[in-house]
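Protein chains in written order, with the numbering used here: chain A, 1 to 149; chain B, 1 to 82.
To be clear, the hints were calculated from the coordinates, so they are not data collected in a lab. Among these hints, one or two may not hold up.
[Claimed, not checked] Below, in silico cross-link-like pairs of lysine to any residue (SDA-like), each with a Cα-Cα straight-line distance of 25 Å or less: (1) B:Lys72 - A:Arg30; (2) B:Lys70 - A:Cys110; (3) A:Lys121 - B:Val55.
[What the hints assert, rightly or not] Computed footprint of chain B on chain A, listed as stretches where at least three residues anywhere in the stretch have a Cβ under 8 Å from a Cβ of chain B: (4) 16–29; (5) 37–44; (6) 61–71; (7) 75–86; (8) 93–99; (9) 129–138.
Every residue, glycine too, gets a C-beta built ideally from N, C-alpha and C.
Listed here are the chains, written in short residue letters.
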Amino acid sequence: MNGWLLTAGVVLAAGGAAALLGVATGPLRRRVVAQNLLTALACPGLLLLAQAYDRPSYVDVALVLALLGPVGTLVFARLLADELAADPPRARTLTWAAAGLGAAVVVVLCAAVGPSRAMVKLLVTGALLIVGNVIASHALSGGFPGESR
Amino acid sequence: MIVVALLLVAACATTAVLVRDPVHQALVLAVLGTVLAVLFTVLQAPDVALSQLAVGSALTPLLMLLAVRKVKRPRRHKGDER
Numbered sequence: 001m002n003g004w005l006l007t008a009g010v011v012l013a014a015g016g017a018a019a020l021l022g023v024a025t026g027p028l029r030r031r032v033v034a035q036n037l038l039t040a041l042a043c044p045g046l047l048l049l050a051q052a053y054d055r056p057s058y059v060d061v062a063l064v065l066a067l068l069g070p071v072g073t074l075v076f077a078r079l080l081a082d083e084l085a086a087d088p089p090r091a092r093t094l095t096w097a098a099a100g101l102g103a104a105v106v107v108v109l110c111a112a113v114g115p116s117r118a119m120v121k122l123l124v125t126g127a128l129l130i131v132g133n134v135i136a137s138h139a140l141s142g143g144f145p146g147e148s149r
Numbered sequence: 001m002i003v004v005a006l007l008l009v010a011a012c013a014t015t016a017v018l019v020r021d022p023v024h025q026a027l028v029l030a031v032l033g034t035v036l037a038v039l040f041t042v043l044q045a046p047d048v049a050l051s052q053l054a055v056g057s058a059l060t061p062l063l064m065l066l067a068v069r070k071v072k073r074p075r076r077h078k079g080d081e082r
C-alpha cells in the first residue's frame with residue numbers, strides 16, 4: 001500500500017512540476033502542450049491514489065478527468081486556433097510517452113485488482129485517457145483544419 | 001503526499017498571479033484546477049474534486065478565452081451596439 005502512495009507522489013510531483021514550468025515560461029505552443037500533458041499525467045496519478053487509499057470509488061475522479069481533460073484542451077485548440085496555426089506545436093514523443101505511462105499504470109493496477117468490475121472500470125478509464133489525449137494532441141497540432149473558423 | 005499537493009497548488013497559484021497575459025493566465029488556471037482536484041482527492045474529498053475538475057479544467061478557461069476573444073475582436077460597428 002505504501003508503494004502505491006510513493007509512486008503516485010512521484011508521478012504527481014514530477015508531472016506537476018514539469019507542467020508548471022512549461023506553462024509558466026516559453027512560447028504559447030509549449031504552454032498548451034504542457035497543459036495537455038498535465039492531464040495525461042494526473043490521471044494515472046489519481047488512479048494510483050485510489051489504489052493507495054484502498055478506495056475504489058476514487059477511480060471516479062480519474063474517470064472524469066480522463067473525460068474532461070481533453071475537452072479542456074480542445075477548448076484551447078478551438079479558441080486559440082489563429083495563434084496556434086502560425087506556430088503549430090509538435091509533441092509526438094511526449095504524447096506517446098505520457099500515453100505509455102498511462103497504459104503501464106492501468107495494466108499494473110489491473111494485475112493488482114484482479115478480474116472484476118473494478119478492472120473493467122480501470123480499463124475504460126485507461127482507454128478514454130489514451131484516446132482523448134491522442135485526439136487532443138492531434139487537434140493542437142492543427143490536425144483538423146476544417147474545424148477552425 | 002498532502003505536502004506535495006499543497007506545494008504544487010501554492011506554486012501554481014503564485015504563477016497564475018505573476019503571469020500577465022490573459023491567454024497564458026487561462027492556461028495556468030486550467031493547470032491550477034487540475035492540481036486543486038488532486039489536492040482535494042489527497043484530502044479524502046473526491047466529491048469536491050469532481051466538481052472542481054468540471055469547473056476548473058474546462059469551464060473557467062472557456063469563459064476567460066471567450067471574454068478575451070470578445071475584447072480583442074476589432075470593432076467594426078461601433079455605433080450599432082452600445
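So, going through the hints one by one against the coordinates:
no. : hint               : result
1   : B:Lys72 - A:Arg30  : 22 Å, holds
2   : B:Lys70 - A:Cys110 : 47 Å, violated
3   : A:Lys121 - B:Val55 : 24 Å, holds
4   : 16–29              : holds (count 7)
5   : 37–44              : holds (count 3)
6   : 61–71              : holds (count 6)
7   : 75–86              : holds (count 5)
8   : 93–99              : violated (count 0)
9   : 129–138            : violated (count 0)
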